[in-house]
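S.K.: Sequence:
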Amino acid sequence: MTFVQWNCRSLNNKKIWLHQPPFSTANFWIFQETFFKADDNLSHPNKIFFRTHRSNRFDGGLLIGIPKNISGRVIYSIDNDPNLEVLAVEIHSKNLNFNIVNIYAPHGFNIASIKRFLDSLCIPTFIFGDFNLHHPLWGGNSQSSLSESFVDWLNNSEFSMLNSSAPTHISNPHTSSIIDLTLCSASIYNEIDCYVFDCTFESDHIPIVISWSKFQNTTHSIKTITWKPIITKSIEIFNTTSQPNIDLLTDQISRTISAHTSNKILVDKDYPPWWNAACHNFSRLKKLAWNKARRNIATTEWIKYKKYRSKFKFHFKKAKENYWDNISKISRNPRMFFKILNKLSSHTNPNVTTHEIIFHNNRYVTNPIKQSNLFANHFSSYSHEVQPIPLDYSTENGFLNRNIEFWELKRAISKTKNSTPGADNIPAIWFKNLDDASLLKILGMLQQQLDSSVLPKAWKHPPR
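First residue of the sequence shown? That's 1 in the UniProt record's numbering, and the numbers climb one at a time after it.
Hints were generated in silico from the structure; no laboratory data involved. Treat the hints with caution; some may be incorrect.
Said to hold, decoys possible - Okay, derived cross-link-like pairs now, DSS-like style, lysine-lysine, Cα gap no bigger than 25 angstroms in a straight line: (1) 417 x 311; (2) 441 x 410; (3) 223 x 320; (4) 307 x 320; (5) 311 x 292; (6) 410 x 233; (7) 68 x 14; (8) 228 x 264; (9) 415 x 320; (10) 287 x 304; (11) 286 x 304; (12) 417 x 223; (13) 415 x 318; (14) 306 x 287; (15) 313 x 292; (16) 432 x 417; (17) 264 x 320; (18) 317 x 306; (19) 306 x 292; (20) 292 x 307; (21) 318 x 417; (22) 37 x 47; (23) 264 x 318; (24) 287 x 311; (25) 432 x 311; (26) 432 x 233; (27) 286 x 320; (28) 223 x 264.
Can you make the complete structure from the sequences, with help from the hints?
M.R.: Here it is as structure tokens:
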């Protein structure tokens with residue numbers, strides 16, 4: 001999720017820039033000095049706005065724009081003080097609440113004015129504003145009593161400054177300064193990325209772009225595979241290959257499946273984690289049948305709607321059960337399963353200092369980068385080349401040495417689950433849709449590999 005902070009110096013004559021990055025790609029807008037009056041109108045198809053305006057002077061005015069699919073409410077505001085404007089909004093998302101505080105101090109920010117309010121905020125908070133303060137802490141060449149008081153408060157507060165040494169205000173081509181500051185709660189400091197943009201957009205202030213990794217947009221996609229042309233092309237490959245090579249055929253089939261596979265990104269909704277293609281398709285068919293049944297009021301249309309509704313409920317319930325069954329298979333012991341979840345939760349919780357995830361050389365390794373390096377060093381010490389192991393058929397059991405029968409291949413394919421395919425991207429459903437002539441050629445290739453005691457290289461090595 002991205003935020004853009006900008007002292008726009010009148011927004012009415014700069015609305016055209018809102019259709020350009022970083023504004024067009026940002027989720028939240030935090031603007032100072034909008035110069036808006038009470039009767040000025042601002043609308044956006046994807047955002048709702050919280051504003052303050054000054055009735056006693058021309059300059060000033062604050063704006064916070066948030067996405068329409070997120071709710072918010074004003075928790076604090078100051079708009080009648082000639083030396084300070086404040087607009088604070090509490091944001092309520094699906095699973096996370098946080099505050100946005102917007103500040104404009106034309107003559108320098110006096111922390112004493114809202115110190116009690118800022119110290120009372122207990123959920124993650126962002127503070128954006130044109131503070132008009134100079135201090136060496138953020139690259140200034142001078143300081144004042146107000147900036148000293150602000151730095152003293154900052155050093156003893158629960159907030160951290162995100163600004164770098166990049167200037168945010170350009171008075172003239174040869175003079176620049178940092179007076180637009182961005183702060184966040186110390187608890188989320190490691191999840192924030194902040195940088196100053198490279199354009200002023202006709203203002204004398206440069207926008208500041210902030211990204212919050214914990215609050216990213218999650219996209220859901222449905223993978224659709226068109227099997228009819230895949231099977232037709234596969235049979236054609238088998239028929240045109242006189243001396244089939246298993247490595248070559250595997251590559252051709254894999255390319256054919258990839259060519260007829262598409263990923264459709266779903267609209268941004270709160271989909272449950274078990275939502276799959278069957279749920280998505282029958283949900284869409286149910287809605288279409290419902291709309292058609294309401295328009296026509298015909299018995300056949302209502303029967304069709306009830307049929308799709310029943311199928312949707314069936315696939316939704318089945319997907320939900322399979323999802324939780326797969327999670328429960330992590331451990332058949334409920335206590336062990338809870339212990340695993342508890343450790344994973346501790347591992348991602350910044351307030352927990354001892355994770356006890358990896359024990360190495362008589363110490364616990366909790367840093368994610370060090371953990372990754374441990375795995376990399378461990379597996380890189382082993383050679384990737386595997387020497388061929390000859391198959392030994394010397395056994396008194398003649399049943400093991402006889403050729404594979406066609407019915408055995410068919411039985412093995414029918415009992416194979418339609419699970420996630422391996423590195424070759426060929427799932428079990430592909431085998432189940434092949435005709436007998438193609439399966440006989442596959443059986444011949446498998447028997448040839450066993451007779452020659454040499455397995456394909458792709459079967460010996462994991463994908464790298």
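S.K.: Are the hints correct? Go through all of them and say.
M.R.: Going through the hints against the structure:
About 22 angstroms separates the Cα atoms of residue 417 and residue 311, which keeps this hinted pair within 25 angstroms; it holds. Taking the CA atoms of residue 441 and residue 410, the gap is near 13 angstroms; set against the 25 angstroms cutoff, the hint holds. A C-alpha spacing of about 18 angstroms is found between residue 223 and residue 320, which places the hinted pair at or below 25 angstroms, so the restraint holds. Annotation: proposed proximity of residue 307 to residue 320 holds, straight-line Cα distance about 20 angstroms (limit 25 angstroms).
Restraint check for residue 311 and residue 292: the C-alpha separation of about 18 angstroms stays at or below 25 angstroms, so the hint holds. Our distance criterion of 25 angstroms between C-alpha atoms is met by residue 410 and residue 233, whose separation comes to about 21 angstroms. For the hint linking residue 68 to residue 14, the alpha-carbon distance of about 22 angstroms falls within 25 angstroms, and the restraint holds. With a C-alpha separation of about 19 angstroms, the suggested pairing of residue 228 with residue 264 holds against the 25 angstroms cut-off.
A hinted pair counts as satisfied when its Cα atoms are at most 25 angstroms apart, and residue 415 with residue 320 qualifies at roughly 23 angstroms. Annotation: proposed proximity of residue 287 to residue 304 holds, straight-line Cα distance about 11 angstroms (limit 25 angstroms). Restraint check: the Cα-Cα separation between residue 286 and residue 304 comes to about 9 angstroms, which is no more than 25 angstroms; the hinted pair holds. For a cut-off of 25 angstroms, the pair hint linking residue 417 to residue 223 stands: about 18 angstroms separates their Cα positions.
Between residue 415 and residue 318 the alpha-carbon distance is near 20 angstroms, which keeps this suggested pair within the 25 angstroms criterion. The suggested pairing of residue 306 with residue 287 holds, with an alpha-carbon distance near 11 angstroms, which does not exceed 25 angstroms. Distance restraint check for residue 313 and residue 292: the Cα-Cα separation of roughly 20 angstroms lies within the 25 angstroms cut-off, and the hinted pair is therefore satisfied. Proposed proximity of residue 432 and residue 417 is supported: the alpha carbons are some 10 angstroms apart, at most 25 angstroms.
Proposed proximity of residue 264 and residue 320 is supported: the alpha carbons are some 21 angstroms apart, at most 25 angstroms. This hinted pair checks out: residue 317 and residue 306 have alpha carbons roughly 16 angstroms apart, not beyond 25 angstroms. For the hint pairing residue 306 with residue 292, the CA-to-CA distance comes to about 12 angstroms; that is within 25 angstroms, so the pair holds. For the suggested pair residue 292 and residue 307, the alpha carbons sit about 14 angstroms apart, so the restraint of at most 25 angstroms is met.
Simply put, residue 318 and residue 417 have alpha-carbon atoms about 15 angstroms apart, close enough for the 25 angstroms limit, and the pair holds. For the proposed pair residue 37 and residue 47, the alpha carbon gap of about 19 angstroms is at most 25 angstroms, so the pair holds. Between residue 264 and residue 318, the direct Cα distance comes to roughly 22 angstroms. Compliance with the 25 angstroms bound is thereby established for this hinted pair. Annotation: proposed proximity of residue 287 to residue 311 holds, straight-line Cα distance about 13 angstroms (limit 25 angstroms).
Between the alpha carbons of residue 432 and residue 311 the distance comes to roughly 24 angstroms, so the proposed pair stays at or under 25 angstroms and holds. For the given pair, residue 432 sits about 15 angstroms from residue 233 by alpha-carbon distance, which is consistent with the 25 angstroms threshold. For a cut-off of 25 angstroms, the pair hint linking residue 286 to residue 320 stands: about 19 angstroms separates their Cα positions. At most 25 angstroms may separate the alpha-carbon atoms for a hinted pair to count; residue 223 and residue 264 meet this at roughly 6 angstroms.
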